[in-house]
Amino acid sequence: QKEVEQNSGPLSVPEGAIASLNCTYSDRVSQSFFWYRQYSGKSPELIMSIYSNGDKEDGRFTAQLNKASQYVSLLIRDSQPSDSATYLCAVSRNAGNMLTFGGGTRLMVKP
Amino acid sequence: DTAVSQTPKYLVTQMGNDKSIKCEQNLGHDTMYWYKQDSKKFLKIMFSYNNKELIINETVPNRFSPKSPDKAHLNLHINSLELGDSAVYFCASSLRVNTEAFFGQGTRLTVV
Chain A
1 QKEVEQNSGP LSVPEGAIAS LNCTYSDRVS QSFFWYRQYS GKSPELIMSI
51 YSNGDKEDGR FTAQLNKASQ YVSLLIRDSQ PSDSATYLCA VSRNAGNMLT
101 FGGGTRLMVK P
Chain B
1 DTAVSQTPKY LVTQMGNDKS IKCEQNLGHD TMYWYKQDSK KFLKIMFSYN
51 NKELIINETV PNRFSPKSPD KAHLNLHINS LELGDSAVYF CASSLRVNTE
101 AFFGQGTRLT VV
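Chains as they are written, first to last, in our numbering: chain A, 1 to 111; chain B, 1 to 112.
Excised from the complex, chain B in its bound form (with noise of 0.2 Å):
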């Protein structure tokens, strides 16, 4: 069983379109994130969720949301795609704030 899932593995989109990637996690951990790697491999936290509440919002664009159902799922919806979107997204989960992360295997996103 995978402990953080995320799919899908790879999107390829148009810009100006809205997607989403999910994000599960059976690890029973409280705290849940979005990772964002460019291409020079700079990992940059997105968001953080902690019991389902949002606990750290970096200064990334308004297009992106992150909305979680549960405290097992994390999802990211990102609206009016734009070229420099492209990179690799993680998902990512710990028991706590502040203990180790388990990462998911990452969506590939390219936008064309």
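Bound conformation, chain A alone (with noise of 0.2 Å):
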């Protein structure tokens, strides 16, 4: 089982419709949860960080966390083309330091 998991999509949302991105992880002490937004030949950007269960809205997107359920997932309202990318889930452990990745989900938003 991979430490961190992600659909790797394409996952195809009309402009304008919410998309709803998921990620799965396998360590339960795992403390900080992140979504980063990665263009093609680009490098990884933060989008958002959460730290405790429930959500956490900031403009189009939320991020939601259930630590029981070892699930962190990220919506994005009013989807836009340039919304289109690949989406990254990172987790880390408060031992150490174990920023580990999913492999990423690619969203494609259809005008």
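If you are wondering where the hints come from, they were derived from the structure by calculation, not from laboratory data.
All values reported here derive from a predicted model rather than from experimental measurement.
Accuracy of the hints is not assured; some may be wrong.
Computed list of lysine-lysine pairs in DSBU-like fashion (alpha-carbon distance at most 30 Å, straight line) [said to hold, decoys possible]:
(1) A:42 with B:41
(2) A:42 with B:71
(3) A:56 with A:42
(4) B:44 with A:67
(5) B:44 with A:2
(6) A:67 with B:19
(7) A:42 with B:40
(8) B:41 with B:71
(9) A:56 with B:22
(10) A:2 with B:36
(11) B:19 with B:9
(12) A:67 with B:71
The task is to assemble the complex, starting from two chains supplied on their own in separate frames and drawing on the hints.
Written out as structure tokens, the structure reads:
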């Protein structure tokens, strides 16, 4: 079992719809959770961080964390073609520094 | 000003050569990392440095060695390059362990 798992996609949504991206992790002691966006040929850029159970909203983005289910998700409201990219989930423990990435989900927003 | 900068952006070299990639951050962060992204786009951590001390060394070949002259710099040296080393290498930094990491623009290494 991979430490951090994501569906590779592509996930295709029409412009204006809500895109839902999911991530599961295997290590129960994970404490910090991040979503990154990576455009083709570019470096990953941080979108959201979340540390406690529940929802965290930032503009059109909402991160959701459920530690009991070892599940973190990212919702993108009013999806735009410019949101088309690969979204990477990253998980970190408290002990040491193990920022581990999932394989990413490719999102395609169709005009 | 670029927060995390790495050079060169592209590196093409022959098998067996030794090469280095440089990384500098001007964010005042304590922790720096090297990641390798392969052709399947999977990002794998290679090294992590916190206040100049190596705190994680993943199971990478010992041909790869990180060098940190100070906490703002973490360079990657690769000896005896192999075809399988071809990938994009990203440097990153974070304020401290387990906080969000910020990435450099990447170095695309091609071994021929």
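Hint check results:
{"no.": "1", "hint": "A:42 with B:41", "result": "holds (11 Å)"}
{"no.": "2", "hint": "A:42 with B:71", "result": "holds (25 Å)"}
{"no.": "3", "hint": "A:56 with A:42", "result": "holds (26 Å)"}
{"no.": "4", "hint": "B:44 with A:67", "result": "holds (23 Å)"}
{"no.": "5", "hint": "B:44 with A:2", "result": "holds (12 Å)"}
{"no.": "6", "hint": "A:67 with B:19", "result": "violated (42 Å)"}
{"no.": "7", "hint": "A:42 with B:40", "result": "holds (15 Å)"}
{"no.": "8", "hint": "B:41 with B:71", "result": "holds (28 Å)"}
{"no.": "9", "hint": "A:56 with B:22", "result": "violated (36 Å)"}
{"no.": "10", "hint": "A:2 with B:36", "result": "holds (17 Å)"}
{"no.": "11", "hint": "B:19 with B:9", "result": "holds (13 Å)"}
{"no.": "12", "hint": "A:67 with B:71", "result": "violated (33 Å)"}
When held up to the earlier numbered hints, the structure conflicts with 6, 9 and 12 and fits the remainder.
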